[in-house]
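For this one, chain S is given, so just place chain A on it according to the hints.
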Amino acid sequence: MSEIAKTIIERREYLFELLVQHIMLSLGAIIIITIIGIATGIAILHQSKSRQLVLGFVNFLYTIPSIAMFGLFIPIIGIGYGNALVVLVIYGLLPVIRNTYTGLSEVDPLLLDAAKGMGATPRQVFLRVRWPLAFPTILSGFRTMVVMTIALAGLASFIGAGGLGQAIYRGINTNNSSLILAGSISVALLALIADLSIGAIEKSLKVKAEIARKKNRILKYSVIFILTALVVVMALVRFVKSSAKEIVVASKPTAEQYILGEIISQLVEGNTDIHIVRKFGIGGGTSNIHPAMLKGEIDVYPEYTGTAWLFVLKEPRINHPDSLYSAIKKAYSDKFRLNWICRLGFNNTFTLALPESTAQKEHLITLSALAAKSNEFTFGAEFDFFEREDGFLGLNKVYPFNFKNKVELDINLKFQALENHTVDVINAFSTDSRIRQMNLRVLKDDKLFFPAYQAGIVIRNETQQKYPELSILFERLEGLIDDAAMLQLNYEVEIEKKSPNEVAQTFLKSHGLIE
Amino acid sequence: MHSMAETIIDIQNVTKSYQTGSPVLRDVSLDIAKGSFVTIIGPSGCGKTTLLRLINGMSDFDSGHIIVMNKDLANWDKIQLRRSIGYAIQQGGLFPHMTVRQNIEFVLSISDASVQITNDRVNALATMMSLDDSQLESFPSNLSGGQQQRVGVARALASQPEIVLMDEPFGALDNITRRKLQNELKEMHHKLGITFIMVTHDLHEAFTLGTQVVIMNEGKIEQFDKPETIKTKPVNDWVTEFIKT
Chain S
2 MSEIAKTIIE RREYLFELLV QHIMLSLGAI IIITIIGIAT GIAILHQSKS RQLVLGFVNF
62 LYTIPSIAMF GLFIPIIGIG YGNALVVLVI YGLLPVIRNT YTGLSEVDPL LLDAAKGMGA
122 TPRQVFLRVR WPLAFPTILS GFRTMVVMTI ALAGLASFIG AGGLGQAIYR GINTNNSSLI
182 LAGSISVALL ALIADLSIGA IEKSLKVKAE IARKKNRILK YSVIFILTAL VVVMALVRFV
242 KSSAKEIVVA SKPTAEQYIL GEIISQLVEG NTDIHIVRKF GIGGGTSNIH PAMLKGEIDV
302 YPEYTGTAWL FVLKEPRINH PDSLYSAIKK AYSDKFRLNW ICRLGFNNTF TLALPESTAQ
362 KEHLITLSAL AAKSNEFTFG AEFDFFERED GFLGLNKVYP FNFKNKVELD INLKFQALEN
422 HTVDVINAFS TDSRIRQMNL RVLKDDKLFF PAYQAGIVIR NETQQKYPEL SILFERLEGL
482 IDDAAMLQLN YEVEIEKKSP NEVAQTFLKS HGLIE
Chain A
2 MHSMAETIID IQNVTKSYQT GSPVLRDVSL DIAKGSFVTI IGPSGCGKTT LLRLINGMSD
62 FDSGHIIVMN KDLANWDKIQ LRRSIGYAIQ QGGLFPHMTV RQNIEFVLSI SDASVQITND
122 RVNALATMMS LDDSQLESFP SNLSGGQQQR VGVARALASQ PEIVLMDEPF GALDNITRRK
182 LQNELKEMHH KLGITFIMVT HDLHEAFTLG TQVVIMNEGK IEQFDKPETI KTKPVNDWVT
242 EFIKT
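Chains S and A supply the protein sequences, listed in that same order. Letter 195 of the first sequence, counting from 1, is numbered 196 in my numbering, and no numbers are missing. Letter 170 of the second sequence, counting from 1, is numbered 171 in my numbering, and no numbers are missing.
If we strip away everything but chain S, and leave its shape as in the complex, we get:
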């Protein structure tokens, strides 16, 4: 528990920013849902045909899994606030439309008849009798929607719309359970406060004694006042921020990417007056970030050469890392108007790893050396790796391995199997923090079989033109983070549970890049 409190205190600014984003997103959705939902509920009141259609359709939308819905709109709307807003609105409509319709239709017809018989116009019948009598039902639908929207907004970070879900998502991806809890508790608290506030209004409507009514009126107005004040303050915060110079930095959902995202962001913040909007941990990684770069929703992000060449450009392999980089630089600039500014130095590629002690004893540095002595070792990897042409199948053609035994392992159990001596050698990513934790040696791919996955910084051409100071800044990162350095940074975040923010800051300071 004290861990969580510590996390909340240490990261209060970060969490507060997320809280503001979360409230802005939820509030935007709630306002739109309320307007559309109530208007629709009223419109279908006397239209039995369109009512069936509308309620059926909204019900159907409600059954689509929310994660799928967020993904569904990426190709149409792109990532970020707009997409999240649309999804939240779609989900929130059902309870509001249904309760508005139900509330309005279940008003005692005798009372409507009485009002009409006394000479009320249709408008007066609606505003003075039907609406106020339906209001408690409509309000309870609204309450359901508000709580649901706040909870669902927690998923919005998945598509880069920020909010408290980002803390949870970041916690998951950097294996930081107190951050996960801090995020979750904040979302729950926010939902609870909203629920209780609306509950208080609901109650004040039910208490019908005169004296209680006056008191509750004060409560009702104070709740409304607080909410209004909150909206105004947040709108101001947003306005002040958006009027400044601003770029959007994104990252994929891995600890390494969060660290790189922070390094890029803090480098800019520490040396310019440009404001950074962090859209870290975007689900789906490159497949969602790249389109957003093209649309201008993201300005800068860290990418790997192998991913750019094989996944984005879909070109045949180029083995030499330097030729690969020049080819990518040219292709990105020509095709996408995106520029690779620098390579950070490390290569997060596939590799084979074994305990440092074994490696020293057997004098193993390269994969060729391992191949020569492979009959003494047992090799472990996930099923997938054995089957892939860019995995073991291809590897075995370049390096003639002759392992004593080959074991198929679950991807998460590989390192454990190595520790238990079930296997002697495993496949791994070269900057995996567990390599450092377990003191493993990564063997050199001396025949360049594995494609290079060198990390670099990609920036939109337009952004680079607009802020030329960025190129100069980023060039200072060229070659600064080698494999060992990245391993160390990942280790600090994943194993020592430091925040990416803190790790990035220490790194930049130690290199004199920020004060």
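Fair warning: there could be bad hints in the mix.
[Stated by the list, open to error] Cβ pair distances, simulated, as ranges:
(1) S:S49 <-> A:L204: 38 to 48 Å
(2) S:I32 <-> A:H205: 56 to 66 Å
(3) S:G57 <-> A:A173: 33 to 43 Å
(4) A:H202 <-> S:L128: 30 to 40 Å
(5) S:A152 <-> A:G172: 41 to 51 Å
(6) S:L193 <-> A:K187: 56 to 66 Å
(7) S:L128 <-> A:T8: 29 to 39 Å
(8) A:S135 <-> S:D196: 30 to 40 Å
For the record, the hints were derived by calculation from the structure and aren't laboratory data. Just so it is clear, CB atoms sit at the ideal spot from N, CA and C, and this is done for glycine as well.
Structure of chain A alone, referenced to chain S:
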């Protein structure tokens, strides 16, 4: 208030049918004198409520004419017509989300009457119905059944109408309360001199309150006369049988 009395509602040969089935009203004619208290009675489904609702344009008809306060119903603005006719329905039909005061004010508030007039009327009605201030400010659900009916009647009188229509206003009450309210209503009729038309299923109520009674069966008026005339000279066997029960 005899044969020379001025006519306030004149219903001439009105016929109404639902899309399917038998006619709901068959060639109904009724001449209601100003200041009379007309009660309408008959077995359920005989069309008595429909007949009542013709008068303030709440139900329409296929053929015939209705003249209300010297003006053909076709020429009346329905909203204006309803605002100038009092209307009280079963169980009072009070709005549960409004205080007793707001209920009584309803007609005045929808027709934008001044605050001065509104307050004067409500106070006068409250005195007449013996409703005190705390009752005026409470909600209908806090009142007894009898009190709720009183409020229902007060609400119907708020616009100072010349005609008041009532659809079984005392239907849900116990006998003692009902007799008490009937007496109050009778006094009120004497005092105000306005025209009341009331649908009831209680024969005793119809004969006690009505200066004239309409006896209906299967969409037709069987007899329209003073209560004592109907008792002494029923027009046919059906009426004889009906008033015996």
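Status of the hints after comparison with the structure:
1. S:S49 <-> A:L204: 38 to 48 Å: Holds, at about 42 Å.
2. S:I32 <-> A:H205: 56 to 66 Å: 60 Å, holds
3. S:G57 <-> A:A173: 33 to 43 Å: Holds - the Cβ-Cβ distance for G57 (chain S) and A173 (chain A), about 40 Å, lies within 33 to 43 Å.
4. A:H202 <-> S:L128: 30 to 40 Å: 35 Å, holds
5. S:A152 <-> A:G172: 41 to 51 Å: Holds - the Cβ-Cβ distance for A152 (chain S) and G172 (chain A), about 50 Å, lies within 41 to 51 Å.
6. S:L193 <-> A:K187: 56 to 66 Å: 60 Å, holds
7. S:L128 <-> A:T8: 29 to 39 Å: Distance hint for L128 (chain S), T8 (chain A) holds at roughly 38 Å.
8. A:S135 <-> S:D196: 30 to 40 Å: Given about 35 Å between the Cβ atoms, the range holds.
In summary, the structure agrees with every hint in the numbered list given earlier.
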